[in-house]
Amino acid sequence: MRNRTSSHFFILVLIVVVTAISHYSIYYGALIRGYETSTLTAVRNLSLLSLLAILPIFLKHVFKYKGSWTVYTAAVLLFSMGLTIQYRLFSDPEYTSKNDKADAIAAKTKTLQLHYIQQNYSPEKKQMMGLPPTPPSEVDLSQETRVRPPTRFLRSFYQVTRSTRSWRSSG
Amino acid sequence: MQTALAFLLQIDWHRLEPKNWFGGQVLERTPAGLTIVYIIAVGILVGFLLISFVDNFGRPRFLFETNLPREVTKKLTQTITNRSIRTWQTVFVLLALIIFGFQVYWVYFADTTNEEFQALAYKDLRTRRVGGSAMKPWILDRTGNLNAALADYKINDKGKIVRNYPLDEEMAHLFGTAYGPPGLERTLFQTQATEMPEAWQVLMQYKKPEPQNNDVRITIDRNLQAYVASQLNGKKGAIVVVNPQSGDVLAMYSNPSYKLSDVKDGTDYTALDGDQMDRPLLSRATREYYMPGSTFKTVTMMSAFRGGQQDFLGFDLPAPDCYTPYSGSKPICDSGGSCEICNTGVGIRDAFKVSSNQYFAELANHLGRDRMGETARLLGIDAVEKPNEATLQGLFPDIWNTSNKRIANSIAPSRSTMVIGKSLNLYDFGIEGMGQGLASQMTPFQMALVAAAPGNLQGRLIKPKIEFDQQPQAFSQVLSPQQAAEIRDIMSTVTEEAGGTGGAVKTALAGTGIVVGGKTGTAQKSDVPIYDPKTGEKKFVLKKKQDGHGNVIEYKEYLKYERIDGWFICIAPLENPQVAIAVVIEDIGSKFGGGTAAPVAANVILKARTLGLLGDKYTPKAPAPQKPKRRSK
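These protein sequences, in sequence, are chains A and B. Counting in my numbering, the first sequence runs from 8 upward without gaps. Counting in my numbering, the second sequence runs from 613 upward without gaps.
Some hints here could point you the wrong way.
[Said to hold, decoys possible] Restricting the straight-line Cα-Cα distance to at most 20 Å, the calculated cross-link-like pairs of lysine-lysine (PhoX-like) are: (1) B:Lys770 with A:Lys108; (2) A:Lys117 with B:Lys876; (3) B:Lys848 with B:Lys1146.
Rather than coming from a laboratory, the hints here were simulated on the basis of the structure.
From just these sequences and the hints, can you work out the full model?
This is the structure in structure tokens:
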């Protein structure tokens, strides 16, 4: 593989795409567990990576850079992974809260348990648990209430760009 | 432009959502599928970068290097430096592989092979979090009815979904808590529920939203278990009920017990662990050693049958002679210090009925250590050479018939032992043959198996099982079917014939038609500490003595006493035993096993009959509905 700027630009674009996939995966996984991640933070992360993907073109044409792009591309790849991990962890109320960690865990646990019960338990079992005796059915996430990011931390894109946390400062 | 816009408006964009790519009906498939896409894509990207890196790496750094011969470039400083770096690279890669291998061992192998690791697994935060969110299957009793669940889920006052145990205290020792050594709750379905599936497993295995029913049936009968527990109310002891034909453990309870719902965290567990007076965490049924007393004579009798010595005639003489194993030895007398039959030429049937110590001590010496040891091993009792080896045998998971070793480990009994070494003299070995002295390492669980062996119609010891769907499996062929039948008949003399020590059983079962075979036992256990019921601490008296320098020092002398335990082991109904029972009750004072443990066993048999566990023949028929009487005008 030649050390061409276009080749590395292609890799960098791919990095942006896979990061978008990972962010959507985290967003969807959060919905399953009963909370919602910040879309604005996801946009921030992807915008940042997009800028970094375009940067080599400027460096080549404006500053006439002719060196190796490998280290730069590798750094951006690692950075994208870091952003993904940060988005996963700091979106999770269990991870970010300090004083109500137990409540956050309990809320996630209960959401998962109720999903499992809805999908798998027979009407008889549900009745024995004091739940409506419905037959096993699929879970429709759009019909569920979930923990949403507090808006006070997400009022502006400017705030998001400064924050390492996705939506919550502390518990 | 308008056409393109119209085309775009016609597209159902919702169908392009990732959740529809992987099958949104199973929720976890979407993040799992996207995770796999992400990992593959990152792998490809890393591959691109590696190719790029290698390409740059192999390229000459300076133009003058391009046309130099290979031998010359090898000697360049840069190449030499690289060689050194590569050596270090290799060392570090090897170290990384060793660490990786270590991790693989702990993650994949230690969980199934390392008992200590299993016991400490509850401390793993990930395991606890996964275990907390994953819903375990319900545990149902042998009937399989949801109404007879032994572990299910309920919504508590705070709206939290919590594991619920309808028989909380009664099942505590079998189920175990989230702390300390694991019980069935942590081993019965660990692979089904609490193990976090990898993303690829979610994609490959969970394709359709099929309702899962992982509920597990165990062999315990809920009603019998509850009844057995009630029989030990206010007493210390244990009851084990096994089906000798299938190995099904129908009930197993040890008192004092504890409430599973009371153990909310490690502190609660530690508090229970610190209760040395009652030791509620200890399953006396499987992990406490008792002196078996005369119930052990059943083992000696089986040994006699196996050795063709069932017609052996022994002595049963009055004090002071009684049975004197060798000249100068202390005599071995029957209960009360003299003789029960008081005759020469006593046979095994009469001796067993009245529980003659003299006869069975003499019989054990007549049979010899090897023969006794061989029979013991067939029954799951380890025959060791020296007394100190008897205390080092650990647990015996192999006696269980389970689907995996983890389950067997969690409910493994302590290994019962007897000493057969040459260092024992004839007196010691004779005492052992009648169930005292060095035969003091028996668990109630083991003694239930001792009863179960002749209770099996084929004379086999069937491995006990707790999982309902396990097929019966023999541990050993202890007796021939004929010998087993003869032993059952002899065991019935204890309960059915006049003068038998277990006559209370016949009285209790009068009118039911059930014939029982059994053996009573009363055993002394010395040096048992006395506890203060108020403080739970050991009682002591302060004494004074002089140390080496002549100074008077004070020390505590702990008070001890000789505890009498009552035993009864039995099988019922005699013609086709469906239950083998071992009952031990601690500290019965001046009473006997026949008057304390035997009536409890009789009650358990009656309850088993009511529950239909003794077969249709003995199950009480429901009264026929009465015809409505005609109203007189």
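Fill in: Hinted pair Lys770 (chain B) and Lys108 (chain A), Cα distance within 20 Å
holds, 17 Å
Worksheet item: Given the hinted pair Lys117 (chain A) and Lys876 (chain B), is their alpha-carbon gap at most 20 Å?
Response: This hinted pair holds, its Cα atoms lying about 18 Å apart.
Discussion item. With the threshold set at 20 Å, check whether the alpha-carbon distance from Lys848 (chain B) to Lys1146 (chain B) stays at or below it.
Written reply: holds, 17 Å
Hint check: no violations occur; every hint is consistent with the structure.
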